[in-house]
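Visitor: Chain by chain, the residues:
Number of protein chains: 2
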Amino acid sequence: MKREFDVLFAHNEFKAEAFLDELRGKKPLFVLAIATTETGKIPGISAAGKMPEFTDYTPPADAELLLLGRCKCINGVPVTPDGIPTPALISMSAIRLADVPVLVCSGGLKVKPQIPFMDLGGNPGMDIRTGNSVDNVQEIIDRAIIAGENLAKGADYLVIGESIPGGTTTALGVLSAMGIHAMGKVSSSMPENPHDLKAESVKAGLAAAGESFGSLRNNAVQAISCMGDPMMPAFAGLVMGAASEVPVLMAGGTQMTAILSIVNALKADVLCNVAIGTTRWVTADRSSDICAIVKEIADVPILAADLDFTGSRFDGLKAYEKGIVKEGVGAGGASIVAMATTEGAVTKEMLLRDIERNYALLMGLK
Amino acid sequence: MKREFDVLFAHNEFKAEAFLDELRGKKPLFVLAIATTETGKIPGISAAGKMPEFTDYTPPADAELLLLGRCKCINGVPVTPDGIPTPALISMSAIRLADVPVLVCSGGLKVKPQIPFMDLGGNPGMDIRTGNSVDNVQEIIDRAIIAGENLAKGADYLVIGESIPGGTTTALGVLSAMGIHAMGKVSSSMPENPHDLKAESVKAGLAAAGESFGSLRNNAVQAISCMGDPMMPAFAGLVMGAASEVPVLMAGGTQMTAILSIVNALKADVLCNVAIGTTRWVTADRSSDICAIVKEIADVPILAADLDFTGSRFDGLKAYEKGIVKEGVGAGGASIVAMATTEGAVTKEMLLRDIERNYALLMGLK
Chain A
1 MKREFDVLFA HNEFKAEAFL DELRGKKPLF VLAIATTETG KIPGISAAGK
51 MPEFTDYTPP ADAELLLLGR CKCINGVPVT PDGIPTPALI SMSAIRLADV
101 PVLVCSGGLK VKPQIPFMDL GGNPGMDIRT GNSVDNVQEI IDRAIIAGEN
151 LAKGADYLVI GESIPGGTTT ALGVLSAMGI HAMGKVSSSM PENPHDLKAE
201 SVKAGLAAAG ESFGSLRNNA VQAISCMGDP MMPAFAGLVM GAASEVPVLM
251 AGGTQMTAIL SIVNALKADV LCNVAIGTTR WVTADRSSDI CAIVKEIADV
301 PILAADLDFT GSRFDGLKAY EKGIVKEGVG AGGASIVAMA TTEGAVTKEM
351 LLRDIERNYA LLMGLK
Chain B
1 MKREFDVLFA HNEFKAEAFL DELRGKKPLF VLAIATTETG KIPGISAAGK
51 MPEFTDYTPP ADAELLLLGR CKCINGVPVT PDGIPTPALI SMSAIRLADV
101 PVLVCSGGLK VKPQIPFMDL GGNPGMDIRT GNSVDNVQEI IDRAIIAGEN
151 LAKGADYLVI GESIPGGTTT ALGVLSAMGI HAMGKVSSSM PENPHDLKAE
201 SVKAGLAAAG ESFGSLRNNA VQAISCMGDP MMPAFAGLVM GAASEVPVLM
251 AGGTQMTAIL SIVNALKADV LCNVAIGTTR WVTADRSSDI CAIVKEIADV
301 PILAADLDFT GSRFDGLKAY EKGIVKEGVG AGGASIVAMA TTEGAVTKEM
351 LLRDIERNYA LLMGLK
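Going line by line, the protein sequences match chains A and B.
Its first residue numbered 1, the first sequence is counted upward by one per residue in the working numbering.
Its first residue numbered 1, the second sequence is counted upward by one per residue in the working numbering.
Pulled out of the complex, with its shape left as it was, chain A reads as follows (with noise of 0.2 angstroms):
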């Protein structure tokens, strides 16, 4: 695979090369989208929280810890029940490494960070398996696009993350909704990816609303409102703003598809400017197949950050390589951008020994 820095070029190599140049030393901007959904508490769906009810902090703690370095609306930092901590760490220490700036954006929360954020209109998502699980969809995407005009012409190009526990079922609700093959497909934070789970929820969900496999293939809008989550109306409509003017690096892993399938479906010429921006764990897991969704949507080249955390000093940080959380909150692309903005200064390295540092300090550790 070809590689520049420590990044591969996963899928669609020479697209994602030249995608990567013309991120080299520009001034970006990192937007995350973040909202809570009761898909998320589905027992067994998510690893993002201890407990199904600790879900609605996830995001707004991941939020306050990228802008502010520490959580306020929670202790410590949000932890997987086996005690693996958010990815959020990745994506703090690679904007501070880089001076990246960011903005929150919201979808739809149930509990608020205590943070300056954008608020775009929304509610918290419900359960897919009611097949009406977002309000106010096309009034979220409305919005989300003016504020991705508008925070485009003051960054030379935006990336994207997000924060949902859930997420990945949402997704496969809205690819299943819209046609796409993605059964088996979508990634998991858990090393034991529950597939059979998330297809249970899908299926009672196109039932519920009485749709099937594809039959929202050309109204994406419905296709959120009955099976995807509110994150999703945010980040689409940020894209759909920003890449008619600048490149826009969507930050994350197989949800980035469900995002990919909506934005085709609504402004399809603003995809040359996009790529997908996600971690080594992603693209290397073997429970998903993030570039098989991607090619039965649009052609969109993938970016993989080469992260490795093998050798660190702690068993919180290596359980990574085992398959457990593997992405979130724009962890792989906050760590290309990192590399692209210092032309390579920030290495693998170097963010391993950052994200050491601040988990030890975050965590009280030694």
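One or more hints might be untrue.
Claimed, not checked - Distance condition first, Cα-Cα at most 27 angstroms in a straight line; then the derived DSS-like pairs of lysine-lysine: (1) K348(B) with K15(B); (2) K2(B) with K15(B); (3) K322(A) with K2(A); (4) K26(B) with K27(A); (5) K153(A) with K26(B); (6) K153(A) with K366(B); (7) K318(A) with K2(A); (8) K153(A) with K348(B); (9) K112(B) with K112(A); (10) K72(A) with K112(B); (11) K153(B) with K153(A); (12) K112(A) with K153(B); (13) K41(A) with K110(A); (14) K27(A) with K153(B); (15) K112(A) with K110(B); (16) K26(A) with K267(B); (17) K41(B) with K203(B); (18) K72(A) with K267(B); (19) K110(A) with K112(B); (20) K72(B) with K72(A); (21) K203(B) with K110(B); (22) K26(A) with K203(B); (23) K26(A) with K26(B); (24) K27(A) with K27(B); (25) K348(A) with K153(B); (26) K318(A) with K72(A); (27) K112(A) with K72(B); (28) K348(A) with K318(A); (29) K72(B) with K153(A); (30) K153(A) with K2(B); (31) K15(B) with K26(B); (32) K110(A) with K110(B); (33) K267(A) with K72(B).
Please keep in mind that the hints were generated in silico from the structure rather than gathered at the bench.
Computed from a prediction, not measured in an experiment: that's the story for all the values here.
Knowing the structure of chain A, use the given hints to seat chain B on it.
Guide: Just chain B, lined up with the frame of chain A:
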């Protein structure tokens, strides 16, 4: 008075000229700080609404006009009781001529705008006559500082405007609590400046709070809490966060002197990076004296857009020459920025033509 483009150096000429030079051809970000306060509903205090209750709609409507080019939460545009249109028309025309990005921040609102906006965690303001007018001041300031720091990374400089009916009365309140002699010197959106009514309201507020003139000289946060409005901690925090990194043009009339007093008390070292940008209607106003108030606090330069609506074909705009409205929504600063960004290609004549075009379009005039 010295001038460059159609900008007057109204106070502190040499610094004003140097400040304008710094902005030439650079990339600004326009931030609008909005909030509402019950103070604006004191009968006779503000021209911002037809009825006191309408003042809850003015700031969100102004923000919508700025970002979308039209209002959503009301029909048409905000007007005074005599039908004189909001200065947001000027700001909107100016920032569109110069393609300036816009971000809206709320310090506390009763009616939310139907656009993307940044929430700084505040509540709508109370009547200053209670002596307890703003909740949560320190928290809003802290969040606004974080926002200002991040926004400054994505722009060459910031221009910050405000929209809050009743704002000169709360300005007088904070200035008085902080020991600045501003009685009879704050401006008004009405041709007859109700100085007595403002003074009475401030006296009532100070008494209710158990404070007196100058008793909060060293406690800006408490001065805002007792006598201010929620726009102030948002605006002041943005200035403190941004001006430590880039120049900041505080866009407004005599309300800016209250912000100046707050920033001077909390972070005076950033003031070398700060100027006030307003309109000729404010600096030439005989019923107020912005320069005198500024001199008493910290001698920052004042720039004034030399707008001239004498020759307008619309009575609603001609009325600005009679001292109605005068300033607001950063109209003067936005005009200065449009001229500076385009190196003078945007003139006051061009601006008036564009304002007339937008006014006719939005009001259905011919």
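Visitor: Confirm or reject each hint.
Guide: Hint check results:
Our distance criterion of 27 angstroms between C-alpha atoms is met by K348(B) and K15(B), whose separation comes to about 23 angstroms. For the proposed pair K2(B) and K15(B), the alpha carbon gap of about 12 angstroms is at most 27 angstroms, so the pair holds. Among the hinted pairs, K322(A) with K2(A) is consistent with the structure: their alpha-carbon atoms are about 24 angstroms apart, no more than 27 angstroms. Of the supplied pair hints, the one linking K26(B) and K27(A) holds, its CA atoms being roughly 15 angstroms apart against a limit of 27 angstroms.
For the hint pairing K153(A) with K26(B), the CA-to-CA distance comes to about 12 angstroms; that is within 27 angstroms, so the pair holds. Restraint check for K153(A) and K366(B): not satisfied, since their Cα atoms lie roughly 33 angstroms apart, outside the 27 angstroms limit. For the hint pairing K318(A) with K2(A), the CA-to-CA distance comes to about 25 angstroms; that is within 27 angstroms, so the pair holds. The hinted pair formed by K153(A) and K348(B) meets the criterion: a straight-line CA distance of about 24 angstroms does not exceed 27 angstroms.
At most 27 angstroms may separate the alpha-carbon atoms for a hinted pair to count; K112(B) and K112(A) meet this at roughly 16 angstroms. Taken as a hint, the K72(A) and K112(B) pair is honoured in the structure, with Cα atoms around 25 angstroms apart against an allowance of 27 angstroms. Proximity of K153(B) to K153(A) is assessed by CA-CA distance (about 13 angstroms); at most 27 angstroms being required, the pair is judged to hold. For a cut-off of 27 angstroms, the pair hint linking K112(A) to K153(B) stands: about 25 angstroms separates their Cα positions.
Between K41(A) and K110(A) the alpha-carbon distance is near 13 angstroms, which keeps this suggested pair within the 27 angstroms criterion. Between K27(A) and K153(B) the alpha-carbon distance is near 9 angstroms, which keeps this suggested pair within the 27 angstroms criterion. Restraint check: the Cα-Cα separation between K112(A) and K110(B) comes to about 18 angstroms, which is no more than 27 angstroms; the hinted pair holds. About 31 angstroms separates the Cα atoms of K26(A) and K267(B), which puts this hinted pair outside 27 angstroms; it is violated.
Our distance criterion of 27 angstroms between C-alpha atoms is met by K41(B) and K203(B), whose separation comes to about 17 angstroms. At roughly 24 angstroms between alpha-carbon atoms, K72(A) and K267(B) fall within 27 angstroms of each other, so this suggested pair holds. The hinted pair formed by K110(A) and K112(B) meets the criterion: a straight-line CA distance of about 18 angstroms does not exceed 27 angstroms. Straight-line distance between C-alpha atoms of K72(B) and K72(A) comes to about 35 angstroms, which puts the hinted pair past the 27 angstroms bound.
The hinted pair formed by K203(B) and K110(B) meets the criterion: a straight-line CA distance of about 26 angstroms does not exceed 27 angstroms. Note on K26(A) and K203(B): the hinted pairing is violated, with a Cα-Cα distance of about 54 angstroms set against a maximum of 27 angstroms. For a cut-off of 27 angstroms, the pair hint linking K26(A) to K26(B) stands: about 17 angstroms separates their Cα positions. With a C-alpha separation of about 13 angstroms, the suggested pair K27(A) and K27(B) falls inside the 27 angstroms cut-off, and the hint holds.
Between K348(A) and K153(B) the alpha-carbon distance is near 24 angstroms, which keeps this suggested pair within the 27 angstroms criterion. Annotation: proposed proximity of K318(A) to K72(A) holds, straight-line Cα distance about 26 angstroms (limit 27 angstroms). Restraint check: the Cα-Cα separation between K112(A) and K72(B) comes to about 25 angstroms, which is no more than 27 angstroms; the hinted pair holds. At roughly 14 angstroms between alpha-carbon atoms, K348(A) and K318(A) fall within 27 angstroms of each other, so this suggested pair holds.
Restraint check for K72(B) and K153(A): satisfied, since their Cα atoms lie roughly 23 angstroms apart, inside the 27 angstroms limit. With a C-alpha separation of about 32 angstroms, the suggested pairing of K153(A) with K2(B) is violated against the 27 angstroms cut-off. The straight-line distance between the Cα atoms of K15(B) and K26(B) is roughly 18 angstroms, inside the 27 angstroms bound, and the hint therefore holds. Among the hinted pairs, K110(A) with K110(B) is consistent with the structure: their alpha-carbon atoms are about 20 angstroms apart, no more than 27 angstroms.
The hinted pair formed by K267(A) and K72(B) meets the criterion: a straight-line CA distance of about 24 angstroms does not exceed 27 angstroms.
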